[in-house]
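Novice: Quick mapping for you: the protein sequence lines, in order, are chains A and B.
Each residue of the first sequence is one higher than the last, beginning at 1 in the UniProt record's numbering.
Each residue of the second sequence is one higher than the last, beginning at 1 in the UniProt record's numbering.
Since the hints were made in silico from the structure, they are not lab data.
This structure is a prediction, so every number in the text was calculated from the model and none was measured.
There may be inaccurate statements among the hints.
Here are the simulated DSS-like cross-link-like pairs (lysine-lysine), alpha carbons at most 30 Å apart as the crow flies [said to hold, decoys possible]: (1) A/262 to A/212; (2) B/126 to A/262; (3) B/145 to B/126; (4) B/41 to B/123; (5) B/123 to A/212; (6) B/145 to B/41.
One-letter residues, chain by chain:
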Amino acid sequence: MIHPIPSGTRDVLPDEMRELRAILAAAHGVFDAAGYGEVSTPALEYEDTLAIGGVGGALPAYRLFDEQGAVLTLRSDMTVPIARLVATRFATAEPPLRLCYVAHAYRGVRPQRGQSREFLQAGIELIGAPAPEGTAEALTVLCDTLDAVGLKRYRIGLGDVALYQQLLDASGIEGEPRARILNELVTRDFVGLEREIDELRLDDAAAIERLKRIPQLRGGPEVLARLDGAGHAAAEGLRSVHALLEPRVAERVIFDLGLVRKLDYYSGAIFEVYDPTLGVTLGGGGRYDDLLGRFGRPLPAVGWALTVERLHIALAGESSPGGSDSLGRTRPEARSSDGRERTSGPGVRSSGEEARA
Amino acid sequence: MSALQERLTIAVPRGALMREALDLLDTIGIDTSEVRANDRKLLFEEVGIVTMRPSDVPTYVEAGAADIGITGKDVLMEQSEREVYELLDLGFGRCVMVLASVAGDDPAAEALRRLGVMRVATKYRKIAMAHFERTGRQAEIVEVKGSVELAPLTGMVDAIVDLTATGTTLRENGLVVREEIVVSTARLIANPVAHKLKAAAIDDLLERLRAA
Chain A
1 MIHPIPSGTR DVLPDEMREL RAILAAAHGV FDAAGYGEVS TPALEYEDTL AIGGVGGALP
61 AYRLFDEQGA VLTLRSDMTV PIARLVATRF ATAEPPLRLC YVAHAYRGVR PQRGQSREFL
121 QAGIELIGAP APEGTAEALT VLCDTLDAVG LKRYRIGLGD VALYQQLLDA SGIEGEPRAR
181 ILNELVTRDF VGLEREIDEL RLDDAAAIER LKRIPQLRGG PEVLARLDGA GHAAAEGLRS
241 VHALLEPRVA ERVIFDLGLV RKLDYYSGAI FEVYDPTLGV TLGGGGRYDD LLGRFGRPLP
301 AVGWALTVER LHIALAGESS PGGSDSLGRT RPEARSSDGR ERTSGPGVRS SGEEARA
Chain B
1 MSALQERLTI AVPRGALMRE ALDLLDTIGI DTSEVRANDR KLLFEEVGIV TMRPSDVPTY
61 VEAGAADIGI TGKDVLMEQS EREVYELLDL GFGRCVMVLA SVAGDDPAAE ALRRLGVMRV
121 ATKYRKIAMA HFERTGRQAE IVEVKGSVEL APLTGMVDAI VDLTATGTTL RENGLVVREE
181 IVVSTARLIA NPVAHKLKAA AIDDLLERLR AA
């Protein structure tokens, strides 16, 4: 008999579970060593409580009523529940707090897009550690985790949500035009972004160039060095983080001056994790210095989450001969890149062995 | 890694945009002769080109099966939920999304006045719905896959929303343009991960396309 389960959910059988376990064991090893204590929160929360965290791209999609008629919702991420937990259970604890989690989160899906309603996240929250030191620590733990999991070719995109805002401030762009420009940036439409900036008919040619070109810059530290004037000032946050990164972390970082993330609680540095074997991000995070304050415990904070299923796919992709993309198709550039990494690549199985060792 | 070593896979649209897309790639030094000579083949690994219908380009690019792609703005608007970067307006393939109905007294205006709602056939459900919402009119969208012009002629709908380049097909079917909704041209799009990991190659290509 075939009994269906909802689209975007799945059963995990022992072969896959063993490999996911190995990934999680590796992650836990890093979290433990870095002093992050694991927490667990309920999958169901009061809608009103989570709503304090504000709404963004991860609007809770599933709601139900309890016996008294209160509206419960399935959490859409772990950052907001942990902000709630810190305000409630660590109301007087001396910061910084280092917390980690492995938990399922739930999001609505668009029909026929192959998206997951339920997905497993592994992540950390570093609370009470301001920029740039806290950001640098979070990035270091992120690299350690990805290394321990066994990924060789990952990169971390590092941007700053305040950067473009500062450029708009510098040119005095406010109100409706500002909202339209930011919308083009969020929807990744540089054609629209340039059109909106042209429509402002600014006199300052340097400002026009800055507003159009800076969000399209990405690459190594040289992209920060190339900035001058208002651009240089706006990138101060990124430079100060970069100055604190160890070389092994810094070499993984791609500065991305146009990076944006959907969740609206981010306030400073933001990051995304990429692997050449996958067309989508493996996870991401950033600073959310205002979120804890909404719950009554104003503390600067930074955190990130990796989607465990995607780590698994990327690991499988990296360890397959020649490297392959998300469709399992061998990609030409994988053959031309560093062959040593692949022939000796640990793959999913051996990364687990490393983690258990 | 230099731009030359980073190979890009380009999704090229078949159909109306194909010839100009290939011409453009030729001018920036990508040899497309094999693609032109081979009408059936879809995957050209040597030159890093995959060909597909325009509406599939965002799908392949979003998934990372192609790093960059060329498709119409109409397709991007209709699939606005796709997570791809829109990098450049390539300028060619210009056409207009219009609201059209049978010549003479506008049956759509008549329907709206007397029935409070008009029936509109289209292949572009999202663009049409957004347009009517923006202009404060109720419309019942009838999605069709083939020749949209047929729908008002049979009386199934009061109007159509469709893409037109020259207006010839509309005219031949006795339809007149009532409103222009949006102008569409070909766009260059990129996968968000490739946009970071192959930044040098993509920027190099952009540079050459801007100069072309």
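Novice: All hints, please: hold or fail.
Specialist: We went through each hint and held it up to the structure:
1. Of the pairs offered as hints, the one joining residue 262 of chain A and residue 212 of chain A holds, with about 21 Å between alpha carbons and a cut-off of 30 Å not exceeded.
2. At roughly 22 Å between alpha-carbon atoms, residue 126 of chain B and residue 262 of chain A fall within 30 Å of each other, so this suggested pair holds.
3. For the suggested pair residue 145 of chain B and residue 126 of chain B, the alpha carbons sit about 14 Å apart, so the restraint of at most 30 Å is met.
4. Straight-line distance between C-alpha atoms of residue 41 of chain B and residue 123 of chain B comes to about 27 Å, which keeps the hinted pair within the 30 Å bound.
5. The hinted pair formed by residue 123 of chain B and residue 212 of chain A fails the criterion: a straight-line CA distance of about 34 Å is larger than 30 Å.
6. A hinted pair counts as satisfied when its Cα atoms are at most 30 Å apart, and residue 145 of chain B with residue 41 of chain B qualifies at roughly 25 Å.
When held up to the earlier numbered hints, the structure conflicts with hint 5 and nothing else.
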